[in-house]
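Trainee: One-letter residues, chain by chain:
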Amino acid sequence: MSYSDYSDGADDIPDFHDEGEFDDYLNDEDYDLMNEVFPPLKEELRDYHGCDNLTLKLALLDNDFDLESTVVELKKTLKKKKAPKKPTNTANGTANVAQKLADVSISKPKSNGLPDWLDEEEEEDERKDSDAGDDGRLVQRYYKTTVPTKPKKPQDISAFVQSQLPHLSFVVLGHVDAGKSTLMGRLLYDLKIVNQAQLRKLQKESETLGKSSFKFAWIMDQTNEERERGVTVSICTSHFSTERANFTIVDAPGHRDFVPNAIMGISQAEMAILCVDCSTNAFESGFNLDGQTKEHMLLASSLGIQNLIIAMNKMDNVNWSQQRFEEIKSKLLPYLVDIGFCEDNISWVPISGFSGEGVHKIDYPNEVKQWYNGPTLMATLENTASEISKESKKTTEEDPFLFSILEIIPLKKTNNELALVSGKLESGSIQPGESLTIYPSEQSCIVDKIQVGSQQGQSTNHEETDVAIKGDFVTLRLRKAYPEDIQDGDLAASVDYLSVHSAQVFILELTTFEMNRPLLPGTPFILFIGVKEQPAKIKRLISLIDEDNNVTKKKVRHLGSKQRALVEVELIEVKRWIPLLTVSENDRLSRVVLRKDGRTIAAGKISEISE
Amino acid sequence: MKVISLKKDSVTKGGAVITLLPEDKEDLFTIYQIIDKDDELIFKKKFTSKLDETGKKKSTDLIKLKIKVISNEFDMKGEYLKYKGITVTDETGDNKPVGKYLGFTLDYVYPFTIIKHNFNKFMQKLLNDACNVEQKSDTAAIVLQEGIAHVCLVTASSTILKQKIEYSMPKKKRATDVVKFDEKTEKFYKAIYNAMKKDLDLEKLKTIILCSPGFYAKILMDKIVQYAEEEHNKKILDNRGMFFIAHSSTGYLQGINEVLKNPLYASKLQDTKYSKENLIMDEFLLHLNKDDDKAWYGEKEITKAAEYGAINYLLLTDKVLHSDDIAQRGKYLKLMDSVESNGGKALVFSTLHSLGEELDQLTGIACILKYPLPDLDEDNNEV
Chain A
1 MSYSDYSDGA DDIPDFHDEG EFDDYLNDED YDLMNEVFPP LKEELRDYHG
51 CDNLTLKLAL LDNDFDLEST VVELKKTLKK KKAPKKPTNT ANGTANVAQK
101 LADVSISKPK SNGLPDWLDE EEEEDERKDS DAGDDGRLVQ RYYKTTVPTK
151 PKKPQDISAF VQSQLPHLSF VVLGHVDAGK STLMGRLLYD LKIVNQAQLR
201 KLQKESETLG KSSFKFAWIM DQTNEERERG VTVSICTSHF STERANFTIV
251 DAPGHRDFVP NAIMGISQAE MAILCVDCST NAFESGFNLD GQTKEHMLLA
301 SSLGIQNLII AMNKMDNVNW SQQRFEEIKS KLLPYLVDIG FCEDNISWVP
351 ISGFSGEGVH KIDYPNEVKQ WYNGPTLMAT LENTASEISK ESKKTTEEDP
401 FLFSILEIIP LKKTNNELAL VSGKLESGSI QPGESLTIYP SEQSCIVDKI
451 QVGSQQGQST NHEETDVAIK GDFVTLRLRK AYPEDIQDGD LAASVDYLSV
501 HSAQVFILEL TTFEMNRPLL PGTPFILFIG VKEQPAKIKR LISLIDEDNN
551 VTKKKVRHLG SKQRALVEVE LIEVKRWIPL LTVSENDRLS RVVLRKDGRT
601 IAAGKISEIS E
Chain B
1 MKVISLKKDS VTKGGAVITL LPEDKEDLFT IYQIIDKDDE LIFKKKFTSK
51 LDETGKKKST DLIKLKIKVI SNEFDMKGEY LKYKGITVTD ETGDNKPVGK
101 YLGFTLDYVY PFTIIKHNFN KFMQKLLNDA CNVEQKSDTA AIVLQEGIAH
151 VCLVTASSTI LKQKIEYSMP KKKRATDVVK FDEKTEKFYK AIYNAMKKDL
201 DLEKLKTIIL CSPGFYAKIL MDKIVQYAEE EHNKKILDNR GMFFIAHSST
251 GYLQGINEVL KNPLYASKLQ DTKYSKENLI MDEFLLHLNK DDDKAWYGEK
301 EITKAAEYGA INYLLLTDKV LHSDDIAQRG KYLKLMDSVE SNGGKALVFS
351 TLHSLGEELD QLTGIACILK YPLPDLDEDN NEV
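If you're matching them up, the sequences are chains A and B in order.
Quick note: the first sequence uses UniProt numbering, first residue 1, plus one each step.
Quick note: the second sequence uses UniProt numbering, first residue 1, plus one each step.
A portion of the hints provided could be inaccurate.
Said to hold, decoys possible - Here are the computed lysine-lysine pairs in the DSSO-like style, where the Cα-Cα straight-line distance is at most 30 Å:
id	chain 1	residue 1	chain 2	residue 2
1	A	Lys204	B	Lys180
2	B	Lys37	B	Lys66
3	A	Lys539	B	Lys331
4	A	Lys539	B	Lys162
5	B	Lys171	B	Lys187
6	A	Lys596	B	Lys184
7	B	Lys82	A	Lys555
8	B	Lys218	A	Lys211
9	B	Lys218	A	Lys204
10	B	Lys300	B	Lys290
11	B	Lys300	A	Lys204
12	A	Lys390	B	Lys173
13	B	Lys164	A	Lys539
14	B	Lys218	B	Lys2
15	B	Lys64	B	Lys8
16	A	Lys532	B	Lys273
17	B	Lys162	A	Lys575
18	B	Lys8	A	Lys539
19	A	Lys480	B	Lys184
Simulated from the structure, these hints should not be mistaken for lab results.
Please build the complete structure, drawing on both the sequences and the hints.
Mentor: If you want it as structure tokens, here you go:
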């Protein structure tokens, strides 16, 4: 890069000190555009003075990335180089001297023999500087306050809570091909959220690929990857309402490779439906060691799910046999109790997701009525919803506001300090006008509007609300926010709640499962916390503990299967810390799961955060 | 690496004078392991000096210098190794100042000489390995999952992350905009492709491992071929056979080790040194998990086991062999000798690989025994 004697132009734009800083300022779209037009421009202006990268880029920005007009403008303002002569001779005055100083590090002109220590140090500082450039972004400070603001139209929370229909979010789990997506598609069709015409279209599309049995599943599985391969990959959330309750469903993938996505689904849900394929041998293959039935249930239990509905699917394949139903129940129930579920919190419902019996609208065939007179799947969901919401309503009023951010919705125009974030209220309530702080960036923002319902986001016909309470999935429109430093998995809390800490090292109460390699100091694994997934390693094995967390052994050389221990864990490969809450602050949000080599090896709760 | 001359000093036992020329970053790491504090280096450095008062005429000379090493700076990723030292008198007797602080950054152009006071078998082996070009071909790995990819170089001594690609994918809802999703996915693969072109030199590689959970690695392979065909990139198309698709459970760096220790792929990848280390480390963990008293770690335990002559594999990190404590260093070297004389094998793990890092956390020394020896740690508990 040739240096610049073009100081006039630089004075107009004092905001950026170097190219890197400017690049950071651009949003993704602009950045891509920039990279497209920048090289040809640079080529065009090769023979001109003052065309350092920053000047060129700023000029491009001023001209809305139009290559031609930028070239014309710059050619007017910049001086052409005097042939291929030494450029150093053309410039003089103070600018030249300053530039020479800056150039020292490149050409290293040394005078009078040997350099001494000083010269070496200079070089070293330079290296450190370039490193600091990366880290410098981490300590970006935002406006942060601990003084709450008043709602625009204050609402009485307890009255509001009482007036609301119960809300329940649930995740659908189970082994691959147990019919999870089909069941969800059927549910949405029966509820008329998907209409006849849409279903007919899907039927046609699926038939052309020779997969007509996938017509319901494709309501949820929309990407090409998923449809071509006939498996769910990502979680898919959807909202719907009945007369008795509002629901958010999360369809999770069953394939073992996508367990990380299933974990994200579980962390968003308050209860789980386990979908079991009751066909001959199908349950057994999903229930063996490598099947996902067990792993999914273990994950659900570890992540704090207490209520289960077992959807005994594909019962039509075994002629709605009571014997088969009881056989599976007798195998599954002991396992579920063993991993921590309470028998009273488990409901068993025979269904057929594809043909629809027992789901919602279609009644059971007569042979079922002889041995099953319980509610349909939908009715069971509604019952559970009202029970769970009774519990959570009690605490909504006093609890602090906590909000898990699941997605940052990109705005068409990068408006000033405006952000649109969707996520789930983990506790408490929020109203427009109130303030919150987002961690780990620690920026305090004001809630402008709260969007609810199924049309959240950029769509113009979304509904708005004056209050959102625990369990709600909403989109918050925030003012005074810097969306470039908000990520999925960040945590927002009311400004006067100070227990959220961002850290890289913390202590877990860990329970190990069946493992074929031990955990040692230094063992790497993948840590799952909420919707976040992070590589991490064991930093220290502190002690073995019993069920009541009493220390049983102090010196731990390695941790084997089915042990409980206190361990210190460190996140690796991270540039950004993650927001954490200890178990004493919030049971659900403190829960983590450890996976290694594609297996779930342990689960735990954060007991202490190292500052 | 080219070793130009190696003279072992017969007078001061264990010393050596080595003249060599490093050729790549692996060599830098080898040299980093050989040179200790207080060793002396003879090298040439360019100096520009003004000849007359006006400062117009300059001359650049290569001056031969000799320094005594004080400290070093090493960065594998940046291929940067620099020694700092203090000038000492050398034989040429020119009027070069003595006692000046000076830095020496290694390059691949000029040979230099190391005067070592304690040259040992381990260093000899390092030099031999470094000169063996056959063993030096590198493996690259691209490990990915939805929205995250890591482009890495896996050399004999290090895993170097060349580029991390991260895209936040739109969340799936019932009304997902599939077109938008596909656009973003396409961008993601294109970014990996560009990173691969920029950061990997196909001519120097033997294998490129593409690994991921699910089908992402397979799609990436298809995309690479597609993009290469679009731009008629012969270099990639001709080397199609170099790519190797494997399964890993994650798109983070740990996925690479998962592939290297998978017996399914062993036949394809066995000749990489790092994959051997992976297999041994895994065996160590397996014994530990079985609690069969055949796997131990910690200096005291290992020393004891070595006294019994029971060690089959001794696992060490380069760090403990290169420790500043000379007595400690000597102890470990003796340990290696004793293991090898009893028919065992000593393996040195580079801490620039994640496995070496793991071992480093485990006191830096571990072993697998030929037969079980219970209670090796007992005395320790009492102390």
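Trainee: Find the hints from earlier in the document that the structure breaks and name them by number, from lowest to highest.
Mentor: Result: hints 7, 11, 14, 16 and 18 break, sorted rising.
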